[in-house]
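Novice: Spelled out from the first residue to the last, the chains are:
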Amino acid sequence: MDTQSYLPVKPGVGMEENFLSLDDILLSHERLPIRTECSFPRLGFLEKSSDSHDIPEGTKMELPLWLSKGLYEKKRRVLSVELPKVYREGWRTVFNADPNVVDLHKMGPYYYGLGSQMLHFDSPENPEIAQTLLQTFIGRFRRNMDSSQNAYNEDTSALVERLDCLEKALFSSGQSGLNSFQSWEKGRASQLTASSLVLNYRKRKINDLQP
Amino acid sequence: MFCEKAMELIRELQRSNEGQLPAFNEDGLRQVLQEMESLYEQNQTDVNEAKSDGRSELIPSIKLRHCCLLRNQRCLTAYLYDRLLRIRALRWEYGSVLPANVRFHMCAEEVQWFSQYKKSLASFMRSLGGGEGLDITQDMKPPKSLYIQVRCLKDHGELEIDDGTVILLKKNSQHFLPRWKCEQLIRQGVLEHVMS
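Protein chains in written order, with this note's numbering: chain A, 1 to 211; chain B, 1 to 196.
These aren't lab readings, by the way, just hints derived from the structure by calculation. Keep in mind that a hint or two might mislead.
Unchecked claim - Using 25 Å as the maximum straight-line C-alpha spacing, the simulated SDA-like pairs for lysine to any residue come out as follows:
#: 1; chain 1: B; residue 1: K118; chain 2: A; residue 2: V198
#: 2; chain 1: B; residue 1: K5; chain 2: A; residue 2: S49
#: 3; chain 1: B; residue 1: K181; chain 2: A; residue 2: S5
From just these sequences and the hints, can you work out the full model?
Specialist: Structure, rendered in structure tokens:
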């Protein structure tokens, strides 16, 4: 495994968001169901279902996380954020029963990230949400780590398929550790290799040539 | 919805994984800036109206547009910054001369930034090692021997080594060369390190 010289900006941990991280920007684009608590004049075009000039008070619509976070205020009620289905009571029971059977990629794919962001909005269920997130992660971690450390030279797509983005990153770092350990065992750790960036560029060039 | 164009830019970067540099999307950038301009103008008229006529019900809309402005700003900054990280990585992977197809993907300012980075790095490396200079892009993995066995993967022309010998790098030929001389060529995929 060679060292990569491109290190992207890491996503923030927990409730924090990292301003420049691409992952966090994509995460904060996830849509949340909200209800407006005051009217937004002259922005009626944002709400496709009605033709009115304004967005009236009490409209139910979906807004991206970044906008909900920006507009949300504890003191003045501008909008109220509803919990997405996967964080509600019903799904929490499922997660608590057996976190391993759930397809987090379909649910998320930013299940943990979005869940932590939901804690920014004052909701009475916050402690339960946080607890479920943590327990889900703990419950799935063992299996995730096991598979990332033992799948050597095989097709991992079936293993990664049902993982959340955070888990996927953990999986691939486990894999790269496994690969470098194996190459060290074979005495290949000191072999100089072509940079993967260069190789990828070449691959694309060949693809470009073939119509 | 606002800010969709800016998200397109971010998605485009995220899609080209492993640090590849996609073409500079000047058109997308301009569209985002245009959107920001019109958001700003709408806000300006609403702010004036709210102030002069005391229409405080306009404030939520102003705030919403302001959030969009900030969001667009964040996306653009992240886009440009991530590209700079990728361009910086190119200096370490390819060496100081970039192939034309990579350079083609950079905008004029990025080309300028790259050459400035090259200069700073070079002057830093010259200052090391007590006036002798030290190439810190060499020996990323600790060397075990001074000479290594390499195989050519494609025709690369002639290569002159320290003692003045000129070696013809022909496809599939094998050579025993000083390690520091071929490290970069291996990274560029011209040579292959053969382990016995």
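Novice: Which numbered hints turn out to be false for this structure?
Specialist: none
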